[in-house]
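Colleague: The primary structure of each chain is shown beneath.
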Amino acid sequence: MALIEARGLAKAYDGKPAVRDLSFEVRPGSVTGFLGPNGAGKSTTMRLMLQLDNGAGSTTFDGQPFSALRQPMRHVGALLEAKPFHPTRKARNHLRMLAAANGIPTSRVDEVLRLVGLTDVAGKKPKTFSMGMGQRLGLAGALLGDPHTLILDEPANGLDPQGIQWMRQFLKALAGEGRSVFVSSHLLSEMALLADELVVIGRGRMISSGPVSSFIDGASHKSVLVHTPQADELRALLGGREGVTAQPGADGEVVVTGLDAREVGDLAFDHRIRLHVLAPQTATLEEAFLAATEGDEEFQAAVVPHPERPNGWGAP
Amino acid sequence: MSDALRYEWARIRTIRSTWWLTGSALAVALLISVLLGWVGHHDFSRNGASAEDVEGLGPFLVTQFAASGQIPSLVGFLVAMIGIFAWGHEYRHGMIRASLTALNSRPALWTAKYVVVALWVAVVSLVAMLMSGLIGLVYLHRWVTVFDSQTWSVIGWQMLSTVLLTWLAMAFTALTRSQAFALVVIFLWPLLIESLFNLFFVLVPGLRGHQDVLRFLPFASQRRMVDVLTDATSTFGEPLSAVGGAVVFGGVTVVLMAASYALFARRDA
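From first to last, the protein sequence lines stand for chains A and B. Residue numbering for the first sequence follows this note's numbering, beginning at 9 and increasing consecutively. Residue numbering for the second sequence follows this note's numbering, beginning at 40 and increasing consecutively.
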């Protein structure tokens, strides 16, 4: 099982940095999500890791750079393109060609086609494939050598909800076998369910690297939602404390920050304030991601006000 | 290297264009040789055949007139397109990244492409020439010995010429990463650009005295490799000998191949 170690990855296009001094690790037995806004440098980073692009830094797979791996598909499976195949080469032939380059028996071709659910279209040309089927064929190629490491760029693109769920379970199962899975995605809700670890970048720079829970905890403020018939008394009680806020919510509830649920509950009990609901609120991965990458988008859209709704698309 | 050769061998056999280009090349060879054989048979049967009539007929038959030195080999251009697609598909369909993650040695992939494609086009070229010769033999055996020593010599030169043309086309495609551009150039260069050079050297007074340098144009040199009608006095004289043509055309090809390798080795996939 391989540890991926990326050290000092950097790349510039026409003098404009696309990836700046990125270093991170991907551990065996885990799915590591690779997040960043559009244009953050995720795909470039993956290509640098596989030495497809020229740049600075190095990446090793169990201590060896990609170029030193003999029959590389047996070590690293990669999916970098949405449709990485010739449209008129039959799916099975595409995989046989890749297998030939790595001394992989042709029996493995039918095996991976079955794994990704493409057995019925093995003899068909991929030009008739949907985006999701193309992704499955790409994934079949990545799995062909039964590699210990997978590097997948947006593998869920084009998949339907069932396909996404299948992909999630599949990748988690592969990680469960001790493989290193490094996967980029824009689907944050999906990444929240899939990833154990995260590497988050913005404008080519490292923003965060570590467990998903640490990223969410570190990038957001926790709060406690309180439903009480004595909302004014509770706000008055908590509002005077240093570092604590107690704001009224939309439905009469109180949103408390600076204290955890146990502390709010104890204080309310001590002051004979009746509570109906006491719920810790944790930010979603999406909220944490948006907070962490604020200002790091490559392309920022302007909000165009409607002529009759100068404040935007809210209530007229 | 053996992995790269296996990969390329699988690649070239599993793509439809290889087969339709191979089939087209053989069909063109068949058609032209049947036509030439039938016309020759008809004419010789009526009027008889003088020594002048049958001079160079064997080489003409097997090369589909390319041995006249006046026209390029149509079969050669068709099979050279297999070479254009060998690189063109990599870039047009984003296959290059899949190829370089399956084969992590750029020198091996680059070499395997040139070797495998060269073998394929050499065999197709040989089959096309043998088939044409046999058809000619069927029609014209009463008047001409198709497979004489001159014909066998031309077959060898034509195979070399076709391989060099294919490599040149491949190198150009790898340089530009555009099979469409390469296809246009590979046809326009011999058919239009070199003809324009010839025209300039006729029309521009200052150039009229230097027309002999035109023998070094790449495709003019290539035609000299199989030309059986014009005798050469020396390797690089006017006209070039077959060896001289091979050196000039091969030299241009090697320069383009070296440039394509230098770029392929260092640019992003």
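Just so you know, the hints here were simulated from the structure itself, not pulled from any lab data. Check before you lean on any hint, since a few could be wrong.
[What the hints assert, rightly or not] Chain B side only, calculated, beta carbon under 7 Å to chain A, not exhaustive:
1. Tyr-46
2. Thr-53
3. Ile-54
4. His-132
5. Arg-136
6. Val-243
7. Arg-247
8. Asp-307
Every residue, glycine too, gets a C-beta built ideally from N, C-alpha and C.
Colleague: Hint by hint, note whether the structure agrees.
Modeller: Hints, one by one, checked against the model:
Annotation: Tyr-46(B) was flagged as interfacial toward chain A, and the flag holds, the nearest CB pair being 4 Å apart, inside 7 Å. At a threshold of 7 Å, the smallest CB-CB gap from Thr-53(B) to chain A is about 4 Å, leaving the interface hint in force. Hint on Ile-54(B) holds. Least Cβ distance to chain A is approximately 6 Å, under the 7 Å limit. For His-132(B), the interface hint holds, since its Cβ comes within 7 Å of a Cβ in chain A; the closest pair sits about 5 Å apart.
Look at Arg-136(B): its Cβ gets to within about 5 Å of chain A, closer than 7 Å, so that hint holds up. Interface hint status for Val-243(B): violated, as the beta-carbon distance to the closest one in chain A is roughly 41 Å, over 7 Å. Because the beta carbon of Arg-247(B) sits about 47 Å from the nearest beta carbon in chain A, more than 7 Å, this interface hint is broken. A distance limit of 7 Å between C-beta atoms decides the matter here; for Asp-307(B) the minimum to chain A is near 4 Å, and the interface restraint holds.
Hint check: violations occur at hints 6 and 7; the rest are consistent with the structure.
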